[in-house]
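Each protein sequence line maps, in turn, to chains A and B. For the first sequence, position 422 (counting from the first letter as 1) is numbered 516 according to this note's numbering, and the numbering increases by one without interruption. For the second sequence, position 215 (counting from the first letter as 1) is numbered 240 according to this note's numbering, and the numbering increases by one without interruption.
Each hint should be verified, as a subset may be incorrect.
[What the hints assert, rightly or not] A few chain A positions that, by computed beta-carbon distances, are all more than 12 Å from chain B:
hint	residue
1	391
2	427
3	455
4	512
5	520
6	522
7	621
[As the list claims (entries may be wrong)] Estimated spans, in silico, between C-beta atoms of each pair:
hint	chain 1	residue 1	chain 2	residue 2	range
8	A	483	B	140	52 to 60 Å
9	B	149	A	483	57 to 65 Å
10	B	151	A	588	28 to 36 Å
11	B	137	A	643	46 to 54 Å
12	A	669	B	198	57 to 65 Å
Derived by calculation from the structure, the hints in this document are not laboratory data. The beta carbon of each residue, even a glycine, is placed where N, CA and C say it ideally should be.
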Amino acid sequence: MKNTITLILLLAILFFAIITRFYKLGLAPAGLYLDEAAQGYNAYSILLTGRDEFGKSFPVVFRSFTDFKTPVYIYLVVPLISIFDLTKFTVRLPSAIFSILTLPFFFLLVKNLRPKKELRYGILNLETISALLLAISPWHILFGRTNFETNVAIFFFIAGLYFFYKGLRKPWILILSAVFFAIAIPSYHSQRIITPLTILVLFIKYRKILFSEKHRKFLYIGLLVGFIILLPTLSVMTTPGFLRRASGLNIFNQKTQHSAGFVENCNNTYCLIINNPFYLSIKEFTALYTSYFSPRNMFILGDSGPRSSFPELSTYFLWQLPFYIYGLWILLKNKKLGEIKFLTITLLLITPIPASVTRDPYSTIRSQPLVIPQIIIISIGIIFFYAKLKKLFPRYKLLIYLLVSSASLGLIIYSLFKLYSSVLILNEYYRAEYWNYGWEEVAKSIETIDQKMPIVVDNSRSEPYSQLLFFLKFDPGKYQQNNFEVPINEYYFNLNRNKTKTIGNIITRLIIWGEDIYKDQYLIGDNLSISASQIEEHKLEIIKEVTYPDGSIAFIIVKTNPKEKCASLSVKPPVCK
Amino acid sequence: MNKKLILLTSLLFWPYQIFAFNNFHNFSIYSLPIVFLFLSYYLHRKGSHFFLLPTLLIPFVEPKLATFPLLFMLFYLIKHKINRCIVLCIFTAVIALFFNWPSFTGQTIFHLDYERKQEIIRNTKLYNNIFLARTFHNKPRIVIDKFNDRFTALIDPNNYFFGFAPRQISENQNIVKYPFVALLFFFYGIYRIQNLKQKDIVILSLISGLISLSILTVFDKNDLILWLPISIIIIHGINELFAKHHKKERNIFSLLFWAFSIPEIITILVK
Numbered sequence: 095m096k097n098t099i100t101l102i103l104l105l106a107i108l109f110f111a112i113i114t115r116f117y118k119l120g121l122a123p124a125g126l127y128l129d130e131a132a133q134g135y136n137a138y139s140i141l142l143t144g145r146d147e148f149g150k151s152f153p154v155v156f157r158s159f160t161d162f163k164t165p166v167y168i169y170l171v172v173p174l175i176s177i178f179d180l181t182k183f184t185v186r187l188p189s190a191i192f193s194i195l196t197l198p199f200f201f202l203l204v205k206n207l208r209p210k211k212e213l214r215y216g217i218l219n220l221e222t223i224s225a226l227l228l229a230i231s232p233w234h235i236l237f238g239r240t241n242f243e244t245n246v247a248i249f250f251f252i253a254g255l256y257f258f259y260k261g262l263r264k265p266w267i268l269i270l271s272a273v274f275f276a277i278a279i280p281s282y283h284s285q286r287i288i289t290p291l292t293i294l295v296l297f298i299k300y301r302k303i304l305f306s307e308k309h310r311k312f313l314y315i316g317l318l319v320g321f322i323i324l325l326p327t328l329s330v331m332t333t334p335g336f337l338r339r340a341s342g343l344n345i346f347n348q349k350t351q352h353s354a355g356f357v358e359n360c361n362n363t364y365c366l367i368i369n370n371p372f373y374l375s376i377k378e379f380t381a382l383y384t385s386y387f388s389p390r391n392m393f394i395l396g397d398s399g400p401r402s403s404f405p406e407l408s409t410y411f412l413w414q415l416p417f418y419i420y421g422l423w424i425l426l427k428n429k430k431l432g433e434i435k436f437l438t439i440t441l442l443l444i445t446p447i448p449a450s451v452t453r454d455p456y457s458t459i460r461s462q463p464l465v466i467p468q469i470i471i472i473s474i475g476i477i478f479f480y481a482k483l484k485k486l487f488p489r490y491k492l493l494i495y496l497l498v499s500s501a502s503l504g505l506i507i508y509s510l511f512k513l514y515s516s517v518l519i520l521n522e523y524y525r526a527e528y529w530n531y532g533w534e535e536v537a538k539s540i541e542t543i544d545q546k547m548p549i550v551v552d553n554s555r556s557e558p559y560s561q562l563l564f565f566l567k568f569d570p571g572k573y574q575q576n577n578f579e580v581p582i583n584e585y586y587f588n589l590n591r592n593k594t595k596t597i598g599n600i601i602t603r604l605i606i607w608g609e610d611i612y613k614d615q616y617l618i619g620d621n622l623s624i625s626a627s628q629i630e631e632h633k634l635e636i637i638k639e640v641t642y643p644d645g646s647i648a649f650i651i652v653k654t655n656p657k658e659k660c661a662s663l664s665v666k667p668p669v670c671k
Numbered sequence: 026m027n028k029k030l031i032l033l034t035s036l037l038f039w040p041y042q043i044f045a046f047n048n049f050h051n052f053s054i055y056s057l058p059i060v061f062l063f064l065s066y067y068l069h070r071k072g073s074h075f076f077l078l079p080t081l082l083i084p085f086v087e088p089k090l091a092t093f094p095l096l097f098m099l100f101y102l103i104k105h106k107i108n109r110c111i112v113l114c115i116f117t118a119v120i121a122l123f124f125n126w127p128s129f130t131g132q133t134i135f136h137l138d139y140e141r142k143q144e145i146i147r148n149t150k151l152y153n154n155i156f157l158a159r160t161f162h163n164k165p166r167i168v169i170d171k172f173n174d175r176f177t178a179l180i181d182p183n184n185y186f187f188g189f190a191p192r193q194i195s196e197n198q199n200i201v202k203y204p205f206v207a208l209l210f211f212f213y214g215i216y217r218i219q220n221l222k223q224k225d226i227v228i229l230s231l232i233s234g235l236i237s238l239s240i241l242t243v244f245d246k247n248d249l250i251l252w253l254p255i256s257i258i259i260i261h262g263i264n265e266l267f268a269k270h271h272k273k274e275r276n277i278f279s280l281l282f283w284a285f286s287i288p289e290i291i292t293i294l295v296k
């Protein structure tokens with residue numbers, strides 16, 4: 095009977111997970127952010143030509159906007175394009191799939207680590223509650239609905255952990271663990287720190303078992319297999335391209351920016367102390383690190399980035415706050431929680447480190463693995479709260495059970511509707527611009543206008559070329575031929591960028607108002623680059639206005655009228671003659 | 026001696042910053058409630074039944090904290106039996122609140138917020154289902170959201186040890202209230218709170234302070250009333266850490282404390 099109920103609960107959890115991630119996948123967010131488009135198009139290029147947009151054959155990290163994107167997600171998209179075509183749904187599909195696949199591994203990991211007699215009351219147990227909370231977690235859902243690598247990385251990391259613990263009992267499984275950990279590392283930038291640190295801690299704790307006669311052989315095989323998988327990554331790890339993200343964003347790099355708290359124009363002797371880079375860096379790191387445990391950030395503010403959060407929704411639901419505080423207290427005080435306590439505290443301390451080394455406050459994408467230990471803590475809080483209630487009112491067990499069940503159901507329904515409200519209504523209305531909404535409509539319009547005329551797309555405030563390539567499904571071979579950035583042998587070394595891109599008759603560059611209006615062509619830009627006064631002054635013809643859901647103008651497509659422009663001028667420039 | 030210096034340094038940070046960043050008149054308004062609260066702590070420690078009385082004076086020096094004594098007494102009732110003294114104190118606290126009502130009410134989150142109301146009307150129109158719209162966008166939500174914002178800001182450790190960095194608040198001086206290394210003493214003090222003799226009154230004043238500050242539009246500087254309970258927790262953490270059987274940890278933490286606090290002290294003095 096208990097097993098049946100548990101199975102029903104698990105199916106319900108999977109159902110919630112599928113609904114929250116797959117409903118309108120590809121349609122909400124309606125726009126396609128430039129990084130998403132770039133990843134999708136590079137996958138398309140790999141599929142058709144075996145090379146990325148710059149002509150590099152099967153890169154280890156993808157140059158893209160010289161941000162050197164991690165490769166695993168892009169290679170996962172490649173086979174899906176051959177099935178589903180190059181669409182927004184396809185490029186976001188791996189996120190959704192791996193987000194859901196994480197749940198059974200997370201459930202099994204928690205189940206295996208939980209002490210058998212602790213953290214369970216009937217069907218209410220830590221693994222079921224944790225899996226449920228992860229299934230409806232705003233943090234996990236956001237990156238499960240969009241093309242961000244972090245969710246895929248978490249899957250490999252959690253699977254690696256699960257197989258590691260399994261491997262302590264059945265040694266051959268250590269090889270599987272090594273495989274998953276080795277794939278996790280190149281899956282996302284922060285995993286380059288989280289996975290090795292976690293492995294180191296586990297290695298130190300279980301070194302006696304790992305080096306025992308039974309396990310040694312499989313440990314060595316696992317290390318070898320992991321090393322082979324990581325070889326491509328290791329081959330480029332000292333290149334400027336691989337280190338680009340780490341060097342550009344980290345707070346210890348004083349060349350680009352001083353640390354927070356630096357006192358400018360300070361010339362006295364004490365300035366050596368108060369502006370000491372070591373002191374300021376440590377202080378800034380500590381402030382950033384502790385902010386990942388701040389209830390204010392977790393339950394109210396969320397991530398300040400418009401694409402890393404949903405409107406009016408933080409990383410956790412507010413109703414989880416008291417359980418988080420209580421769960422944290424129990425975790426620290428209770429000595430009977432066994433291995434789940436050790437792993438939770440380890441992950442809690444390690445996972446915010448990569449994010450804390452970068453300047454962005456409370457970056458949810460870089461710290462996303464933190465969702466795992468924090469969900470466990472909230473679940474511990476819920477279970478102990480239920481146990482406390484039963485202890486305080488022993489005569490009303492059935493009533494408490496009914497009340498808690500009703501309240502839980504009510505909270506789940508409320509949370510699902512809250513997700514619906516924020517993800518599908520408010521996000522579409524308020525954040526369309528941040529998701530680069532409108533380029534799909536622009537691409538559709540481009541296909542209907544005169545293909546012989548040149549088109550200039552303004553790139554002063556964005557990088558639209560990846561979205562145009564994506565939505566036009568432009569031939570990657572032709573694109574590689576007509577665009578040069580750096581020689582292929584300098585792919586990982588040369589950080590120069592060429593922002594001007596040629597896509598057939600389209601060129602993305604700045605609009606040069608002194609020249610472009612005197613040529614027969616189309617101009618495309620946002621309402622700042624092509625304003626109403628410029629349209630009037632230069633006799634431009636509006637072909638289409640693409641608007642955001644709130645009615646404001648996203649992009650304008652105009653056609654130049656050189657003859658009319660020249661006729662309107664009293665003093666005609668040489669080009670008019 | 027080292028321990029006493031560490032204690033003194035940690036505790037004087039916040040009051041000194043308030044003194045340095047404000048004029049004397051304002052400083053006395055912000056610090057007098059602590060004097061009354063301290064008196065309350067002292068009487069409680071001496072076992073006096075009248076320890077609640079000094080808190081009744083708080084609304085008269087700072088009307089914004091008019092709800093503090095009332096909450097303090099009501100929370101006290103949760104674990105203690107009601108008696109005539111408490112009834113009289115609560116009655117007096119209610120009178121004090123009403124006496125200060127005109128100055129108090131305009132500075133709370135219950136005050137009309139026209140902009141937020143317009144936002145609610147705008148958001149409601151985005152939904153096809155009016156029930157769903159009203160569930161998530163309604164006038165009580167304005168007050169609830171504001172309370173939650175302030176409450177979580179007040180329980181944010183970064184508020185006290187980093188001046189809200191890296192996410193500072195507008196309408197707030199964002200001052201660092203304790204040296205950031207004292208974070209370790211604070212969390213250790215909470216971890217060992219069962220050993221703290223005055224934990225009841227500390228928790229009582231902390232919760233009363235958090236709630237009475239969370240209903241204010243701007244709690245900046247008035248949150249100095251939390252200095253006493255938080256400082257006691259830090260002192261407790263230092264005492265526990267500096268206990269005889271923790272010699273190694275003592276030396277490490279002393280070194281860390283001075284290495285990172287001296288630059289902070291100099292920065293404050295210079296500014």
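The hints, checked one at a time:
| no. | hint | in the structure |
| --- | --- | --- |
| 1 | 391 | 7 Å, violated |
| 2 | 427 | 8 Å, violated |
| 3 | 455 | 4 Å, violated |
| 4 | 512 | 7 Å, violated |
| 5 | 520 | 7 Å, violated |
| 6 | 522 | 9 Å, violated |
| 7 | 621 | 21 Å, holds |
| 8 | 483(A) to 140(B): 52 to 60 Å | 41 Å, violated |
| 9 | 149(B) to 483(A): 57 to 65 Å | 37 Å, violated |
| 10 | 151(B) to 588(A): 28 to 36 Å | 47 Å, violated |
| 11 | 137(B) to 643(A): 46 to 54 Å | 30 Å, violated |
| 12 | 669(A) to 198(B): 57 to 65 Å | 59 Å, holds |
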